[in-house]
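Novice: Listed here are the chains, written in short residue letters.
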Amino acid sequence: MLQYLALAAILFTIGVFGVLTRRNAVGILMSLELMFNAANINLVVFNRYIGPDNLVGQIFALFVVVVAAAEAVVGLAIVLLLYRNWRGIDVDHINIMKW
Amino acid sequence: METVANFISDVSANPLFYFIAFVTIASALCVVTLKNIFHAALFLILTLFSVAGLYILLHAEFLAVAQVLIYVGAVSVLIIFAIMLTSRLASRKIVQSNEQVTVGIFVCFLFLLVSIGSLYNTYWNGIDAPLPENNILTIGKLLMTDYVLPFEVVSIVLLAALIGAIVLAREERS
Chain A
0 MLQYLALAAI
10 LFTIGVFGVL
20 TRRNAVGILM
30 SLELMFNAAN
40 INLVVFNRYI
50 GPDNLVGQIF
60 ALFVVVVAAA
70 EAVVGLAIVL
80 LLYRNWRGID
90 VDHINIMKW
Chain B
0 METVANFISD
10 VSANPLFYFI
20 AFVTIASALC
30 VVTLKNIFHA
40 ALFLILTLFS
50 VAGLYILLHA
60 EFLAVAQVLI
70 YVGAVSVLII
80 FAIMLTSRLA
90 SRKIVQSNEQ
100 VTVGIFVCFL
110 FLLVSIGSLY
120 NTYWNGIDAP
130 LPENNILTIG
140 KLLMTDYVLP
150 FEVVSIVLLA
160 ALIGAIVLAR
170 EERS
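These protein sequence lines are chains A and B, in that order. In case it helps, numbering that gives the first Met the number 0 puts the first sequence at residues 0 to 98. In case it helps, numbering that gives the first Met the number 0 puts the second sequence at residues 0 to 173.
Derived from the structure by calculation, the hints contain no laboratory data. All residues carry an ideal CB built from backbone N, CA and C; glycine is no exception. A couple of the hints might just be wrong.
Only some residues are given here: those of chain A computed to face chain B with a beta carbon under 8 Å [claimed, not checked]:
#1 Leu31
#2 Ile77
#3 Leu79
#4 Asn84
Next comes chain A alone, as it looks inside the complex (with noise of 0.2 Å):
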């Protein structure tokens, strides 16, 4: 169990670093998904070892995989409305948001 565990804290940290490191808009939804994942072998390895009486935390899994899809979808539809308008989606030159 705590290999997982640990292969989960590792995932999460390489996306969490991808997504401070990253310039490209899409690089950063790459990463993002790569914690998404991370989360989800969480919950699947805690239905498998902590309750396994029933299937909850796949459950819940298959809920964060499709919100995430969701969440692809619109990040990617604003990358490209991004690009249309700027030229470009290099994350550090889109300020406009910033106070």
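Chain B: place on chain A using the hints.
Specialist: Same frame as chain A, but now just chain B:
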């Protein structure tokens, strides 16, 4: 089939787990560090596949299939689509990472240290009881009885995301 399932499930510390874990971590590192964003997307597909393998090791067969269908089939195609549409940025030799790499490594190392440390210092009370037989049947029953409201809400979320994406990405013709 039975023996294969037993072989996969019996020991959580089996060599297959370490192989899949290695593939997951290596390809995830490639996702966040590669200069070519398209190659990073291909490695993301590999990562998602190996996470599906982990689900199979954890007896979540339905989730593994859903992972392959939704992530590998839909989300990664969407990401590659977006990379193609913004290809002018990926093809040029521009730096894909910002100046926070050193600080990022430091912060992530600290985060990993804290999370792994708390992980191994917690008493988890884990049990190795078998999951309900017939995974898909149980999930289907739960989704149609106890979790029917979240199920419907999540379908509305998907619909809203779909409409929102169309409205956002549509060309303005005025």
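Novice: Are the hints correct? Go through all of them and say.
Specialist: Evaluated hints:
1. Leu31: 11 Å, violated
2. Ile77: Status holds, d = 6 Å.
3. Leu79: Nearest chain B Cβ about 5 Å off; hint holds.
4. Asn84: 10 Å, violated
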